[in-house]
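**Q** What follows is the residue order along each chain.
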Amino acid sequence: MTDADQSGAVGTSLRRKEDLRFLTGQGRYTDDFNRPGQLYAYILRSPHAHATVGAIETEGALAAPGIVAIYTGADLAAAGIGGLPCGWGITDKFGKPMAEPVHPVLAQGKVRHVGDPVAVVIAETREAAKDAAELIEIEYGALPAVIDAVEAVQPGAPLVFAEAAQNTCYEWEIGDQGAVDAAFARAEHVARLDLVNNRLVPNAMEPRSAIGEYDAGTGDYTLYTTSQNPHVIRLLMGAYVLHLPEHKLRVVAPDVGGGFGSKIYHYAEEAIVTWASGQLRRPVKWTADRSESFLSDAQGRDHVTHVELALDGDAKFLALRVSTVANLGAYLSTFAPAIPTILYATLLAGTYATPAIHCAVRAVFTNTVPVDAYRGAGRPEATYVVERIVDVAARQLGIDPAELRRRNFIAKDAYPYQTPVALQYDSGDYFTTLDMALDAADYAGFEARRREAASRGKLRGIGIATYIEACGIAPSKVAGALGARAGLYEAAEIRVHPTGSVTVFTGAHSHGQGHETTFAQLVASGLGVPVENVDVVHGDTAKIPFGMGTYGSRSLAVGGSAIVKAMDKVIAKGRKIAAHLLEAAEADIEFKDGQFTVAGTDRAKSFGEIALTAYVPHNYPIEELEPGLDETAFYDPKNFTYPAGAHIAEVEIDRDTGVTRVVRFTASDDFGRIINPMIVEGQVHGGLAQGIGQALFESTVYDKASGQLLTGSFMDYCMPRAGDLPNFAVSHNVTLCTHNPLGVKGCGEAGAIGSPAAIMNAVSDALAPLGIGPVDMPATPEKLWRLIQSSMTAQAAE
Amino acid sequence: MTLSVTMTVNGKTRTGTIEARTLLVQFLRDTLGLTGTHVGCDTSQCGACVIHVDGRSVKSCTMLAIQAEGADILTIEGLATAAALHPMQEAFRDNHGLQCGFCTPGMVMSAVDLVRHNPTPSEHEIREWLEGNICRCTGYHNIVKSVQAGAAAMAGAGGDD
Amino acid sequence: MYDFTYQAPRTLAEALAAILSAEDGKLLAGGMTLIPTLKQRLAQPSDLVDLAKLAELKGIARDGGSVTIGAMTTHAEVAASPEISAAIPALATLAGNIGDAQVRHRGTIGGSISNNDPAADYPSALVALGATVKTNSRELAAEEFFTGMFETALEPGEIVTAVRFPIPEKAAYAKFPNPASRYAVVGVFVAKTADGARVAVTGAGPAVFRLPEFERALDTNFSPDSVARLKVEAGDLNADIHASAEYRAHLVTVMAKRAVTSMT
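Residue numbers (this note's numbering), protein chains in the order written: chain A, 1 to 798; chain B, 799 to 959; chain C, 960 to 1223.
Simulated from the structure, these hints should not be mistaken for laboratory data.
A portion of the hints provided could be inaccurate.
What the hints assert, rightly or not - What follows is a set of in silico ranges between Cβ atoms, one per label pair, in the way DEER data are often shown: (1) C/ALA1112 with A/ALA162: 32 to 42 Å; (2) A/LEU20 with C/ARG1097: 52 to 62 Å; (3) C/SER1044 with A/ALA729: 49 to 59 Å; (4) A/ALA165 with C/GLN999: 36 to 46 Å; (5) A/PRO617 with B/THR815: 38 to 48 Å; (6) B/ASN916 with A/ALA542: 19 to 29 Å; (7) B/ASP870 with A/HIS247: 45 to 55 Å; (8) C/GLN999 with A/ASP194: 19 to 29 Å; (9) A/ALA729 with B/THR918: 48 to 58 Å; (10) A/ALA768 with C/ALA1193: 51 to 61 Å.
As the list claims (entries may be wrong) - Straight line, CA to CA, 25 Å or less: simulated SDA-like cross-link-like pairs of lysine to any residue: (11) A/LYS573 with A/VAL537; (12) A/LYS458 with C/PHE1109; (13) C/LYS998 with B/ALA947; (14) A/LYS576 with A/PRO617; (15) A/LYS130 with C/ASP962.
Said to hold, decoys possible - Computed footprint of chain A on chain C; a stretch qualifies when at least three of its residues, placed anywhere within it, have a C-beta under 8 Å from a C-beta of chain A: (16) 1197-1203; (17) 1206-1214.
Owing to the predicted nature of the structure, the values given are computational and were not obtained by experimental measurement.
Glycine included, each C-beta is placed from N, C-alpha and C at the ideal position.
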């Protein structure tokens, strides 16, 4: 709920500035744009999971009404168009670079997953393009396909790429294996668990779309696209695929209808429409149908993991040993190699002072849609491994799961805390956060609720998960050493207009996060101007100095810090102007609440007066100072930020049907300083829904024999609905980030990170009285019903 | 087959020449330029395309434009007056019932229809009613609160739009 | 979608003439299944004959021991109908839980039963209640009407005009929805009529079917316990990624029990 105070002060729930256009149908999403003379592209995709591509007969289709052009891989090859680049290189455990096969824009002789683009039909209308596509004849030579990552590394498995033996992209490891082995050798207790982290389809509600436009007069290209990071797309597509210099390529990501990671990457369709618009001298639009999104948007998760936790006699964690096979799909998506390594294994300390950790990762190609970052990206997978094994250990040792966690948390006075898996946590207090969650969830009263539910024939369970995230990947130098092929800073420009209103240009991108509001609050407070006089602009490489975009909960921690740096420059220049006008020493000028004041006096100039002076420099230190008040800053963080939290789920399982209902969900999170609590809570709610979706509903099923995606629409892929979810109880603990100017940590992914383990621990707790062990996600009705049935059969036999 | 179709859209008579296979949502978006109505799926489930046809919420992606011949159509663009947002729009804004905004037009149109024939829906009834509207951003928590607040405001405003 | 010729007749006679003269015509009722099918290019009819303007196919009427629902009556109209709610409340409840609100505003009983989707709700109600399907040329018992998966006894060009439901003593419908599509994984309609209990199942098999054993048990003792101990053979039941045949078989018993519980 918004605050009565709508001044926009930092820490208050200002109504969102962007909402007015979204609520009245005036939002402008990519598919809402129509350019004069626009053509429509339809992508013909592979019906096979794995096949050779022979002759492609396009003659009949070209003669169909309204058809302007048809292009295949051969046309792109002839034009010298490159493959889609990968933005992160991993060096394997043998010191060798990962296998990095070419990812063609359109198939070059082979298709590797159902939905792999083979040809593009461009026509006067969408329907004409689809009609003609049916007339294209393609000689496919079907090959055996491999879907499952564990099967893909078996001898004799079909090879996705000849150059990747055993379908392995890399084998990678982190941590001190010797120390881990030694710890296990002296452990009093060992808990073991095999886990599957199920593959997910991101399903942002806006399907991807792209419009390419070429200006024959200037030779400039413009791409409108559904992207979380237009500058990254300009860099990747311009430099690697189409060989267009930045100054001839503008990328616009207007209003974007959700991303969750899936709109970070550079996709084939973006390159196709941009290039084709130049060939045809007409704008070309492509918009995915949802069924197409299922086959062409990068998917998430898909890990198979074995985990072991060693404990001493006091139930203190001694060591964690993890082995993971990660499915990368058929090609390397833009940031795919980083997800199961740098963003996963480095998080395996979680919130605990586990002294020794080792993790081995094998990343594998399969004949499935590529896998890349999806909300949380590696961190939900790590949290799931840690929090499930901790619960298994608690049950094995007969210790309350909350108590076992407390006993092993990193001590409050241990920060900065160096984990055994590379990261250094700057701040946190996991004890207080957990206690807040336990109180809010009435943990102490749970057993009474369990009994009450039993009287109704329901199995009720409670589950805890704590989590740590690493947000705002940084600094660039470290990211580069870890394989990033780009910097990971952020840019901002503060343009103060002559009459004192402000336009903020940010390299971060909002696709639901509310930057136009949060960033405006930040700047209004910082410069002492009314929040309605601040507008935030994002998503256009022609307007924004530079940017790395929005992912990994980085916008406020990195983008917001860049805004603060730019504001600091504005204020510093304003101070010089004020000193001149007030005939005082610059050192004596104080800036507060929009007033430049000579310290200790009532002599002052308002921010507006200073701005006007900067643009009308009649009385101005013109010898030392340029006119204008427009400052740009780049901010490269010193470290990751480390949001953390505790989530508690309560579920009830219907014995007769196996249906699980989430009856309570409590989240206590530490995001550092909060600018707009309403927006932060909204981010948590959405993340929780996605995490609960993963735990209970969302299952991505490929047919193992044919490689067809069986859950290829909302008819079969279960998206959580309003009726599937409870209300959420959300609260915040605050420990400030120590190394960015705002003390902020990031909140976008947290909900999706803690909730799957909390739900699954609750499911296990509910089923434990029946003697049923851990269950894999998603906990679908039939899966639980079968377990309940077999337990009852076993009990009956006793 | 080329057809001429005429309907009332947001109070104005609109005519267009279409193929028989043109969906109502395509007519609204492409022919009339009313891009506030969105398309989020192709299996009639997501509800981003919900509009009102003759006073009832329907999915405009699952109706031919020609089926709306002579109908009275209300889209998200026609909900607010020049002076003020509709109480349901205001409630979504006050309760942070939207994030990326893509599902929002359908969500609001669906909610307005609910409250018109159930002026005091319970939380359970709201969640059930919204079965045909998928949101990936909000977890529905604030949407439900928005609809509750919007229902109360609509009652206060005389229960009509 | 492939293009087609669109026709919007105003009378049943015009509609019959249109559908019979079309090369490969399809009747368009609510379109809630047909339009998605066309969008996916899974059908290519030459003509769509829209029944929306046929006033004679609309409306709900109670006549002594039965209610008659016009074929073009929407699910929302059935759900909100005072006549139906008074006569056969279970039918109103069933209609009020088909698809979602927007589907219910367009989808019709005639369209639903003519399509005979194995996971549709209505067929179970028709069979359990012993309804009669009226077409332009004849009347058929529901059990004769539903002949197989997506198959009915309708002749080419034959149009369903109404469904007549005898009013039972009591009835209830219990459904286990597919969590993604919300179609029935299993739906069981139980009716207690003057001639005894009738139990019909949708979702579980290739088409709606009755459960004589369940009916006999209920005739002996109309209580949830009577059906709770009965088992259904998984053998020929549907199986997909959402539910195996064994699970569906189990759900038939559970849903039957729940339906009976809500009636007792």
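**Q** Each of the hints needs a verdict: does it hold here or not?
**A** Checked hints:
For C/ALA1112 and A/ALA162, the hinted distance range of 32 to 42 Å is not satisfied, since their beta carbons lie about 57 Å from each other. The hinted window of 52 to 62 Å between A/LEU20 and C/ARG1097 holds, with their beta carbons roughly 59 Å apart. C/SER1044 and A/ALA729 have their C-beta atoms about 38 Å apart, which leaves the hinted 49 to 59 Å range violated. Separated by about 40 Å at the C-beta atoms, A/ALA165 and C/GLN999 satisfy the suggested range of 36 to 46 Å.
Evaluation of the 38 to 48 Å hint for A/PRO617 and B/THR815 yields a failure: the beta carbon distance comes to about 59 Å. The given range of 19 to 29 Å is broken by B/ASN916 and A/ALA542, whose C-beta atoms sit roughly 48 Å from each other. Taking 45 to 55 Å as the suggested C-beta distance range, the pair B/ASP870 and A/HIS247 conforms, at roughly 51 Å. The hinted window of 19 to 29 Å between C/GLN999 and A/ASP194 is violated, with their beta carbons roughly 39 Å apart.
Evaluation of the 48 to 58 Å hint for A/ALA729 and B/THR918 yields a failure: the beta carbon distance comes to about 25 Å. Between A/ALA768 and C/ALA1193 the CB atoms are about 29 Å apart, so this pair departs from the stated range of 51 to 61 Å. The suggested pairing of A/LYS573 with A/VAL537 holds, with an alpha-carbon distance near 23 Å, which does not exceed 25 Å. A C-alpha spacing of about 37 Å is found between A/LYS458 and C/PHE1109, which places the hinted pair above 25 Å, so the restraint is violated.
At most 25 Å may separate the alpha-carbon atoms for a hinted pair to count; C/LYS998 and B/ALA947 exceed this at roughly 37 Å. The suggested pairing of A/LYS576 with A/PRO617 holds, with an alpha-carbon distance near 13 Å, which does not exceed 25 Å. Under the criterion of a C-alpha separation no larger than 25 Å, the hint pairing A/LYS130 with C/ASP962 is consistent with the structure, at around 12 Å. Three residues within the 8 Å Cβ limit are the bar, and the region 1197-1203 of chain C against chain A gives 4, so the coverage statement holds.
Requiring three or more residues with a Cβ within less than 8 Å of a Cβ of chain A, the coverage given for the region 1206-1214 of chain C holds, as 4 such residues are present.
Comparing the model with each earlier hint shows violations of hints 1, 3, 5, 6, 8, 9, 10, 12, 13; every other hint is respected.
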